[in-house]
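J.: Assemble the whole structure, with the sequences as input and the hints as a guide.
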Amino acid sequence: MKVDDSEIDSLPLAGTTGSANVIGTVKGPGEDGNQYVFITADNRNVKIGEFVYYEVGGEKATARSPLQILGKISNRCLIDHLPDRIFVDTEISPEAIAALVGFTYTNPEVYEVTVDVMGYFDARLGFINPRQTPDPGAKVYLADDALLKRVLNRKQPGQVGSAHIGSLLLREENAVPIALDVKELVSTHMAILAGTGSGKSYTAGVLVEELLLPRNRAAVLIFDPHGEYETLTEMRGHPLFKAEDGYAPKVKVLKPEDIRIRVSSLDYSDILILLPEMTERQKSILSKAFSLVRKHRSGEYRWGVQDLMAAVREADRQTDEDGNEKSGSSAPALEWKLERMERSPYFHALEHLAPRDLFEPGQVTVVQMNEINQEEQQVICAAILRQANQARMNTLKELIGPEDENYLPYPVFILLEEAHRFAPAHEPSRCKAVLRTILSEGRKFGLGVGLITQRPGKLDSDVLSQCMSQFIMRIVNPVDQDSLKYGVEAAGRDLLKELPALTKGQVIIAGACVNTPVLCQVRQRLTQHGGATLDAPDLWQQHFQPHRVRERQIQQAPVAARSRSKTVQGVSIE
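Numbering (my numbering), first residue to last: -17 to 556.
Think of the hints as simulated: they come from the structure by calculation, not from any bench.
These numbers were taken from a predicted model, which means no experiment stands behind them.
Please note that the accuracy of each hint is not assured.
[What the hints assert, rightly or not] Here are the simulated EDC-like cross-link-like pairs (lysine to aspartate or glutamate), alpha carbons at most 20 Å apart as the crow flies:
| no. | residue 1 | residue 2 |
| --- | --- | --- |
| 1 | K414 | E400 |
| 2 | K234 | E353 |
| 3 | K232 | E212 |
| 4 | K9 | E94 |
| 5 | K486 | E400 |
T.: Here's what the structure looks like:
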């Protein structure tokens, strides 16, 4: 009988164990009250992170369906094996020697395996620990694929609000699909933490694809410092992204020349970062001028750099001993610095990227900043984040209506690449304060943030701690590994031991978007990946291809001079 996705929650969570895979026998409790130890000779199925269960009776158990108390293997130790002397001679099979002395066990190695108890799964409440440890001698079973698919995923693959990120790493490929809960992912914020070349941008691309599929149709904004996400434009005509009601995702790529931030949307600290080194007096004059120009603003009035210059001259007026007003010496220097800001193509008196230009359900907007200097990137990012947060607050409080450019009547999700640049751990940053505010308050207003970084140790700890879903990929740096220990929930800390052994595309997923931390193999992207590592040897070889050599020879060849005609007394005789 075919079971609908909508009926998943009503399925029994335990079944008969006649065909269950018994892999060991309980020895006794572990080091703490939430662990037990079992003995096994099955080396193949006792991997770190693997799921096993034992059975107990209880209020919710029946004669045919005892409760299955799920646990996760956290450690294993070889406690008995053939004598070491047997392994010394590499020319002789240890099994042959064992047979000669009458040792007839098929699997002579014996392992002691530690399991952290998770509990039995309740569709409404999640995992419930019964605080009932298994009796010595109880059987330990390997959890089957169907059970894991049901209990690991908050949302089942294909359901509205699910994001199919990949499959359980410890099982056969695609045997246990891992689907994330998009509601939790975007509302409680998330972080992708990985070393260079581990596949963090690839994983982010998979997440964006899932968010734009017909079952989600999200409003997404990506800050792209390296121009890696332009390949998402392939979603436009892709058949898998189309729906029967005519839905197809929009992809809007804003090149650096398309970025415009209205000067009047900046605050004093934004402007301070954009100007060269300032003396304390210049800062004081600029602060007064900024206050003056903001006082004059009313309604939809917009002001630019020229207005700020006029306010600087007004703020720098001094009175001499005779009571005569004169200009101070700071205004000319400040005007020179403001002229530099006015020459920037990204800050304008009238033009502006308003929230309604950046966000729309079923649309991903990619803001490419690969040609913009670090200070301007900081200010652009801070201004957009601040205005998006204010737009969601004012819209929900009904302070603005549909005619306002800041009207934002739906939740949005913002993905920030190279997050350690925008929220560094021990350095001042324009974005850091804005991000802290959004991460702590954004959930109430439907503004979600995703952070991507290859240096979690350099990311501000307050910012990282607010990300309730974590995607952790291969990280070798010990400082970065240590920074993760307190950012991942306790159930996933044992998995962090696997970090150096993870390969490209393998990820530990923990937090609010899944029921329990899991090791996952990221699925293949539907669009091309734009952040692939360049193949330097291949490009060097291409340099010497015959047609390229000829092109360079033609370009470098001297231009032949035109011969001058012969003349007699200034008249050509040709």
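J.: For this structure, which hints from the list above don't hold up?
T.: none
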